[in-house]
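Colleague: Put together the whole structure using the sequences plus the hints.
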Amino acid sequence: MRINLQGVGKKFNLNFKKREGILARLLSVFSLSKNTNDFWVFRGIDFTPADGQIVGIIGRNGSGKSTLLRVLAGIYQADEGTVKLKGQVAYLTGFGQGLMPKLTMRENIYLVGSLLGLGQKEIKQRFAEIVEFSELGEYIETPVYKFSSGMVSRLSFSTTIFCLKHRNPDILLIDEALEAGTDLNFRNKALNKMEEILLTGANVVLVSHDLVMIEKYCHDVIWLDKGKIVKQGPASEVVEAYVKVNE
Amino acid sequence: MTESWQKVSGLSWTLAKANFKLRTEGSYLGVLWYLLDPVLLFAILIYVFGSNLGASIKFYPLYLIWGLVMFNFFTTVTSQATSVIVNNALFIKSMKIRSEVLVVSILLQTIFSHLFEIIVLVALTVYFGASLLSLLIYLPIFIFFCALTLGISFFLAAFGVYVSDLNNVWKFFTQALFFATPIFYASAKPLILLLNPLASFLAITRGLIIYHEWPGLKIISLSAITSVLALFVGWYLFSLVKNKFAENL
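Order-wise, the sequence lines are chains A and B. In terms of this note's numbering, the first sequence opens at residue 1423 and continues consecutively. In terms of this note's numbering, the second sequence opens at residue 20 and continues consecutively.
Since the hints were made in silico from the structure, they are not lab data. Do not rely on the hints blindly, as some may be mistaken.
The list that follows gives simulated cross-link-like pairs (lysine-lysine, BS3-like), each with its CA atoms no further than 30 Å apart [claimed, not checked]: (1) Lys-1587/A to Lys-261/B; (2) Lys-1653/A to Lys-1433/A; (3) Lys-26/B to Lys-112/B; (4) Lys-1653/A to Lys-112/B; (5) Lys-1440/A to Lys-261/B; (6) Lys-115/B to Lys-1587/A; (7) Lys-1440/A to Lys-1648/A; (8) Lys-26/B to Lys-1506/A; (9) Lys-112/B to Lys-1648/A; (10) Lys-1439/A to Lys-112/B; (11) Lys-190/B to Lys-261/B; (12) Lys-1433/A to Lys-263/B; (13) Lys-1440/A to Lys-112/B; (14) Lys-1439/A to Lys-115/B; (15) Lys-261/B to Lys-1650/A; (16) Lys-36/B to Lys-1587/A; (17) Lys-1508/A to Lys-1587/A; (18) Lys-190/B to Lys-36/B; (19) Lys-1439/A to Lys-190/B; (20) Lys-1440/A to Lys-115/B; (21) Lys-112/B to Lys-1611/A; (22) Lys-1546/A to Lys-36/B; (23) Lys-26/B to Lys-263/B.
Modeller: Next comes the structure, spelled out in structure tokens:
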């Protein structure tokens, strides 16, 4: 098993004050009043999908989907239970992260590529493919702030996807990231590419509100509500039950 | 381990290059902006102190510029470090990125601009007829100086996640430090050398490069130990809390 979660829980302190000034910090350290108000986002999550499975996570806003994915990605640390992952993990949440508008398209591809964990040589190998896929070959030396929003989407989608493909992750975590805000032609192309990646045999965990997508690609679905697993099982069954409750 | 270090250095390098370009892009003066700060201060201080305070110091312009340039390097890196994690909150929350990279990239980026300052130093050294060869000695000194700067930067970067006005506090601190360090005046008080690592670094650099004097094993080993210790302590504290950054931003 590449993914093995046992009794995993994550809490946030609701009284936590984000980045206070230094004086306020010192005062609160010396005031000695224990100021915690723990809120468990989820608790007791057991999750061990079979290798190569695509698992969907659905649920209403605030049910803990994204937090669970971040715990899986290692961005958040679990507060109880054990999280064991084997192999390369890639986490994808939306596109367009890491782009710097003042840099040219070429520089941005290198930047995003390195942020996604590729070395300079590896990006060089993929560079031609990325440019070709984005269909932006004429603008390689153009700064990205001159791009239209659709062009930015194309660029970031192409870069992210080809870098992901190159890394060939064993575990792929996707948080609402299947949308690429582009025209129909590119959208279809992008979906095909995405499909290619979904079907490479990696363990995929997919958080989405797009139930059609979930039913199409996922073997198993987990339905989260208020941090508890309501239902877990074959995609069509769980989605059907979820739709019924939310109608 | 080696592979992950390659990744860290590769990413730091790319980020540093990108940020360097961003800072210089779109202005004709470009990299000159980097030089302007120390050079301007140099001109003012020479004008103000050149004939009185500096008169008793041999090669005062060289003495002064070495102090300014090294101090400038230290403050540029450390003051950016206070807010680097917060400025990159989006990255840290949305990808599994080694946050050390962000701190190291500041150091690299500042080394780029430091190289331009070195060019000015070379010009001045030639002008005063001092030996260019002695400039080579700066390299090993600089490596330890980087260790010191990086260690303090790691600490500040981690601390800055929890305290929102750390950059103001640090700005005030470095201003005080400017006067507490023998940059434009001479001081040989052993206590200052002991308490202020910047002062001992300056003493070593000036001694070796300008005056061709051996500063003594005591002060050299003290500086080396302080800087390596600073690096390890800073890095250790940083790694203690770095997994909590995403939640605290």
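Colleague: With reference to the structure, classify each hint as holding or not holding.
Modeller: Status of each hint after checking the structure:
1. Restraint check: the Cα-Cα separation between Lys-1587/A and Lys-261/B comes to about 28 Å, which is no more than 30 Å; the hinted pair holds.
2. Pair hint Lys-1653/A plus Lys-1433/A holds up; C-alpha atoms about 22 Å apart against a cutoff of 30 Å.
3. With a C-alpha separation of about 19 Å, the suggested pair Lys-26/B and Lys-112/B falls inside the 30 Å cut-off, and the hint holds.
4. Using a Cα cut-off of 30 Å, the hinted pair Lys-1653/A and Lys-112/B holds, with the two alpha carbons roughly 29 Å apart.
5. Proposed proximity of Lys-1440/A and Lys-261/B is supported: the alpha carbons are some 16 Å apart, at most 30 Å.
6. With a C-alpha separation of about 17 Å, the suggested pair Lys-115/B and Lys-1587/A falls inside the 30 Å cut-off, and the hint holds.
7. Among the hinted pairs, Lys-1440/A with Lys-1648/A is consistent with the structure: their alpha-carbon atoms are about 24 Å apart, no more than 30 Å.
8. Straight-line distance between C-alpha atoms of Lys-26/B and Lys-1506/A comes to about 23 Å, which keeps the hinted pair within the 30 Å bound.
9. For the hint linking Lys-112/B to Lys-1648/A, the alpha-carbon distance of about 22 Å falls within 30 Å, and the restraint holds.
10. With a CA separation close to 18 Å, the supplied pair Lys-1439/A and Lys-112/B stays within the 30 Å bound.
11. With a C-alpha separation of about 24 Å, the suggested pairing of Lys-190/B with Lys-261/B holds against the 30 Å cut-off.
12. Taking the CA atoms of Lys-1433/A and Lys-263/B, the gap is about 13 Å. The hint holds against a cut of 30 Å.
13. For the hint pairing Lys-1440/A with Lys-112/B, the CA-to-CA distance comes to about 15 Å; that is within 30 Å, so the pair holds.
14. Simply put, Lys-1439/A and Lys-115/B have alpha-carbon atoms about 24 Å apart, close enough for the 30 Å limit, and the pair holds.
15. Pair hint Lys-261/B plus Lys-1650/A holds up; C-alpha atoms about 28 Å apart against a cutoff of 30 Å.
16. For the suggested pair Lys-36/B and Lys-1587/A, the alpha carbons sit about 25 Å apart, so the restraint of at most 30 Å is met.
17. Restraint check: the Cα-Cα separation between Lys-1508/A and Lys-1587/A comes to about 18 Å, which is no more than 30 Å; the hinted pair holds.
18. Of the pairs offered as hints, the one joining Lys-190/B and Lys-36/B holds, with about 25 Å between alpha carbons and a cut-off of 30 Å not exceeded.
19. Of the supplied pair hints, the one linking Lys-1439/A and Lys-190/B holds, its CA atoms being roughly 24 Å apart against a limit of 30 Å.
20. Of the pairs offered as hints, the one joining Lys-1440/A and Lys-115/B holds, with about 21 Å between alpha carbons and a cut-off of 30 Å not exceeded.
21. Of the supplied pair hints, the one linking Lys-112/B and Lys-1611/A holds, its CA atoms being roughly 29 Å apart against a limit of 30 Å.
22. Distance check on the hinted pair: Lys-1546/A and Lys-36/B sit about 17 Å apart at the alpha-carbon level, within 30 Å; holds.
23. Among the hinted pairs, Lys-26/B with Lys-263/B is consistent with the structure: their alpha-carbon atoms are about 22 Å apart, no more than 30 Å.
Figure legend: structure checked against the earlier numbered hints; every hint is met.
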